[in-house]
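Combine both chains into one complex, guided by the hints.
Residue numbers (this note's numbering), protein chains in the order written: chain W, 1 to 709; chain Z, 1 to 162.
Heads up, a few of these hints could be off.
As the list claims (entries may be wrong) - Which residues of chain W face chain Z? A few of them, derived with a C-beta cut under 8 Å, are:
id, residue
1, His192
2, Arg196
3, Glu264
4, Ala311
5, Arg314
6, Leu381
7, Ala412
8, Thr414
9, Glu609
10, Gly610
11, Asn635
12, Val647
The set of hints was computed from the structure by calculation and includes no laboratory data.
Because the structure is a prediction, the values reported are computed rather than measured.
The C-beta atom is built at its ideal place from N, Cα and C for all residues, glycine as well.
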Amino acid sequence: MSATSGLSRRQFLQWAGGGVVILVSCGPLRVFSQNADHISPEDFNAYLVIGNDGRITVFSGKIEMGQGVMTSQAQMVAEELGVALASIDMVLGDTDRCPVDSGTFGSLTTRMFGPVLRAAAAQARAELLALAAQKLGVAPERLMVKDGVVSAASEPGRSVSYGALSKGAKIARTIDGQAILRAASEFHVMGHSPVRLDGREKVTGAAKYAADIRIPGMLYARILRPPSHGAKLLHLDSAAAERLHGVALVNRDGLIAVLHADPEAAEQALRGIKAEWQVPEPQVDPQSIYEHLVAAAPPLKTIEERGDVEAARRGAARIFEATYQKGYVAHAALETHAAVAEIKEGKATIWASTQTPFPTRDRVAKALGIDPVRVRVITPLLGGGFGGKSADAQALEAAHLAQITGRAVHLAWTREEEFYNDTFDPASVVKVVSGMQPNGKIALWDYAVYCAGNRGAVPCYDISNARFRSSGGISYGVDKSPTTLHPFAVGPWRAPGANMNVFATESQIDMMAAAAAEDPLAFRLRHVSDPRMRRVLQAAADVFGWRAAARPSRRGCGLACSIDAGTYVATMAEVEVDPATGQVGVTRVVCAQDMGIVVNPDGAKMQVEGGITMGLGYTLSEELQFRGGEILDRNFGTYAIPRFSWVPRIEVVLVKNDDLAPQGGGEPSITTTGAVIANAVFDATGARLFRLPMTADRIRQATAKANSV
Amino acid sequence: MSVPTERSIQFELNGRHVSLNTDEQRALLWVLRTDFALTGTKYGCGQGSCGACTVIVDGKPIRSCLTPLKNVAGKQVRTIEALAHNGELHPLQQAFIDHGAVQCGFCTPGMILSAEALLRETPNPSPEAIVSHLERNLCRCGAHQRIVAAVQSAARRSSGQS
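Excised from the complex, chain Z in its bound form (with noise of 0.2 Å):
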């Protein structure tokens, strides 16, 4: 077995500077679970096949469940508990309710992380664009037609075009 290389490793997480002393090659999903409690991230698969466990690092979406936690270290990582601001939900959220792309709600904060990137690349996704960039993200409920839905309508809202 290994031996865990200790070290200080220091990010910016959901807007706060956090200082970590531990071992760097863990994995940045039980890191966000365990040391921080932040269960919004979830576990699917452990190999990077669902999306269940996606967060933002500077602004694109990562598996969480692949990265080592010296791969986030200095950069800026969002997870889905920081995505509504003052109370006030996300457009994509907003959507995700509206549009009844919610049921067992497993795979949602992936897809919204997901979701919320490709929107910042991508302010008018066509379906087909959405349809490619959320194709590695599962969902067992069979949601997809309305999470398709719920993105475009989302990304009208924030272009004004509602």
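Just chain W, with the same shape it has in the complex (with noise of 0.2 Å):
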């Protein structure tokens, strides 16, 4: 048996209690799964079991966070096995029990799972019409399905349940991609909007995050903090803390940490701790760190060269030059990090906020110097992600200090720690020349993205002249840069790096649109030849009422589209803009996305809501403050999260698109946030701003000097 998986195959079948059990083995895992590299041959792992009692217990590596993926992979597999969403039961991050996953992000679980489980679930119901067709005599094309129940077409009386068909069976397979899938035009449970499985849970308070596991005899941790990230400890005075009845004190290996029964305690034994420490010297602050990456940042490395970028650079009759900035940006889920760990009889379990439970248990497993089949991370309801729960130091502490103190640890970090621990989203900086013929097409582009990542960098315009190069970031996997290029983490950000780059690609557009007078919905069409992005950008027009003109218009009324994660999306937004304040007020915003079929449309809303409401904070408001690694934002007081008052009224509009199979959902919308409002206070004013956020001040300075020329 491998390290990486949990159970044998024939642990598995005796806890799963026989039935019916596809499996996947390592074939398929390499055609679909995102990063199956490590697997061995021997893994193997269940998708689904269906129980003697004909319930259906889906596992699954994906965690949910809000996203909405435990309905929606739920109803993949009632689609596509032919049960009630009623009677399926999700498992979902539990290492024991899971399939082999890298981790929930990427917008990945409907576009790269959802084939394979489908395909599981489409096996496991070929099997059981098998079955069924054996009992009841009858061939299994004449065979249907409904709500878990077989009958022979020509007489439905004559049938057979799934439980019936699973009690006492013992049949394991593994997927051979043979099954096929059913057509969005056979929908019954895909393409609607069932109330979501976890909603009655949230709402009553039932629902389980990480901090709520309560384990008899556990210990609340807290961690002694340095001041700023770099810094050195001279002293430690922890006598006053140690006085405390009932406190156990960590140190160890730079782990320092106090321990007790009670929380408040705890804390109350980490404020008697003294600690001196040695702060290095600050060399970088919001103001001078463009600068410092672009001189630090790695070389840059041409990603996508098209045509002869010199010579259109010599013959373009106009050309436009443009530096974008945007700030560091935290994640700021309102759930910080939280993790419970015990260790008992060799095993450790760890129940975790994480998005990538597989790669978190490997990591504790390492940690603790132990093997990774004696780890079980288990991941309860997450509250929010946005990418910062890749990141599970969290994981590792509470796992070191259950080993270290022999108890079972309860660890969340406060408010606090979460801004001082943070991997954040890089700051970044993008440089755009491009030019334009006399008769205003596009002739150049020449893009260079530092510290972002290329996500989204390489938009779907029609130029024939194009170089795109990119310092790397953290846009897909690892970033390589050197661990001194920011002075504290950063690391995936909701679309990491896109957000970044359709500004600066969508804000570069936008302003040669205005110098060739052109209204800036028709010069992008007249640039686009792809037919998605053509027909998301008129679908957006339509239900926005877009009024064709040049910019600025001053009606306040932008527009933005990219690609994100396989989705095509058109954004539209109006906004009013206080000429002597700068403060913006966001009144309206259309969105319109083409994510192939949809799994749950009205989810695939809530993402599209979620994804503009939050990129509000990183276009107007969100931008931490530092002093080199010292972190100056702390908690909401001066960090500035979107509000229910900046919210505008927000329509989706979803473009059919049924031959496609299903593409991402969580991430596309927030790409287009920051460049759809700066376009449409570009149109309000006539000002256009190059850094994010765009606050209240930076606009009124912009706006008093575009006035003044």
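Next comes the structure, spelled out in structure tokens:
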């Protein structure tokens, strides 16, 4: 048995108690999984088990963090298997029971794991039909399935339930890729919007998140944090803390913690610790960071090139040169990172708020020096992730503390720790040189992105002479930049890199349209031949009531589009700007999206609305304040995330495209928010903003400058 | 470090009389979550900025992370766990589900209890009044417009105008 799975096949079948079990082995995983390279051939995992009682248990390594995949995955299985949604139980993110998975990010669940899950369910249906054919003495093709009951098409009374078929059966099948998925025209469960499966527990307070896990005798831990990243501990006095009754102190390899059976007593003990630190001289701040990043970033690498950029530059009638900047942004999920760890009889169990249960299991195993089979990560519901819970330092800290103290340990970061330990969306810079012919055609696009990564860097416009260069970043996978590049940790943040790249690209396009005195929608359509993009642009315009005009028209209407996670997005927004204060009120947003087959239309709309709303933060207010490695924003008092009064009326249009398999839904809409608001602000004021966030001060200054020219 | 003042504190919790011998300065949030295992009340910021820890005390929404236990002595405390009645959801809870006003669910208990307090005082609030009342409750998933719609719909249902 391999080290990467928790149970052997035999153990699993024992545990599942028989029934029909659909497994996956290496082959299909290699085809479908995001990162299957490390999986050895003897690995197996179950996707679904049909129990004797007819209930279906679905196992998925994908976790629920609000994006609705508990429900959408259940819908996919219910559809392909032919059962009612209510008969499905979901087990998510439990490394002892679920298929190996690299994590929940990148809008990949429906796009990449969905086909595997549907194939598993379709395979199970085929197996059950074969069993029913034997039992009923009817050929499989003459059978029909409804709500988990197989009956003869010509004789509905002749029937048998899935539960009855599973009884006594011990069938394990591996997906062979032969099962045929249902077409969109046949959907009964997919394509509909049932209420979410986790809704009731969430409105009643019954829903369990990592910090809600209770183990008898567990201790609450609080960890001493340095005042600044890079600080060195000079002196520690823990005498006062240790005098408190019931306090356990840990001081090992830089991990300094106090633990107590009561969380507030642990907090009080922490306050009793006196520590002196040597803080390094700050080198960068929010003003100087951009120059530093351009200078210190790894060399630019060409990621795509077409035509002759140099010749085009020499031949262009007009050249547009611009630099765009965006600050560091926090994830600020309402739930802070939390974990409960227990080590019993040589096996560690960690309940963790993590988007990456399997990599977390492997990291915990490595940290504790034990075999991964001896670590089980269980993922309760997450109170938001947004990429921030791909980092799982809290799980490692809790596991270490459990190992050191020999007790179950509860660790929930405070909001201040959350800000200190966050893996921020990196500050980044984009430099664009573009050129236009006298007829208003884009002749040149020379694009360089520093530190954001290249997701969203290559737009769908038809430009014959173009070059795209990137210094790297965390858009896809690991950031290989030197650790000294940023003054603290950075990491993936909802649609990593794409928010910046779309902001820069779509601002530049808008600038060129304005220079050509052409309506920005018409200008885009003239440069887009991709029919999917043309369709979403038109769909957004129809619902928005787009009025063609050269910009600025002083009406405050903007447009931006992008392709992200296989999904096409066009967003239009209307804003009001108070020129005296620079305050922006976003009054209306229309977002049209082509995401292929839509598994759950209302769930998809919630993701679009959520992306646009969350995006208002990086667009208008969110910019981490810091001095070197010292994080100055430590709570919501100074770090402003969107509130009710900021939120416009948002209308979502799902452009039907049932010929295409489901594409990503969690991230695409947020990629357009910065650009669409920037373009709307330009239309309202005539001022173009090159830096995110567009704070009121920056808009007021830019507006005053634009109007004084 | 201050010496804890241990006292007997009594109050009504979700309709039940409770009595505790404990430090009266402890925050209500941690007493609920630790001593009573009522984990529906959430920690989000610890300084009253986010509203995830909102509970109802004598009909008013309060931030339990900033409320010392002594402040609720002799009062009625209501948490999200007690909002449904005999398994039947409160109209606000049902409306949050029906309108898709729940994503990650972490702000949801505080949102629902804040809204419950609003509807108690203003049975038919305008959308502007809902926005203004919930302005200090944070939601990171971006469910805002659905939360406002859910509160409006629950208000209509409660006052029989559905």
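The hints, checked one at a time:
Hint on His192 (chain W) is violated. Least Cβ distance to chain Z is approximately 13 Å, over the 8 Å limit. Against a cut-off of 8 Å between C-beta atoms, the interface hint on Arg196 (chain W) holds, since the closest Cβ of chain Z lies about 7 Å away. At a threshold of 8 Å, the smallest CB-CB gap from Glu264 (chain W) to chain Z is about 5 Å, leaving the interface hint in force. Hint on Ala311 (chain W) is violated. Least Cβ distance to chain Z is approximately 46 Å, over the 8 Å limit.
Because the closest C-beta pair between Arg314 (chain W) and chain Z is about 46 Å apart, greater than 8 Å, the hint is violated. Checking Leu381 (chain W) against chain Z: minimum C-beta separation of about 7 Å stays under 8 Å; hint holds. Of the supplied interface hints, the one on Ala412 (chain W) holds, with its beta-carbon coming within about 7 Å of a beta-carbon of chain Z, less than 8 Å. Among the interface hints, the one on Thr414 (chain W) holds; its C-beta lies about 6 Å from the nearest C-beta in chain Z, closer than the 8 Å criterion.
At its closest, the beta carbon of Glu609 (chain W) sits 6 Å from a beta carbon of chain Z; the interface hint therefore holds under the 8 Å criterion. At a threshold of 8 Å, the smallest CB-CB gap from Gly610 (chain W) to chain Z is about 3 Å, leaving the interface hint in force. Contact between Asn635 (chain W) and chain Z, as hinted, is supported at the beta carbon level, the nearest pair being about 6 Å apart and thus within 8 Å. Interface hint status for Val647 (chain W): upheld, as the beta-carbon distance to the closest one in chain Z is roughly 4 Å, under 8 Å.
Hint check: violations occur at hints 1, 4 and 5; the rest are consistent with the structure.
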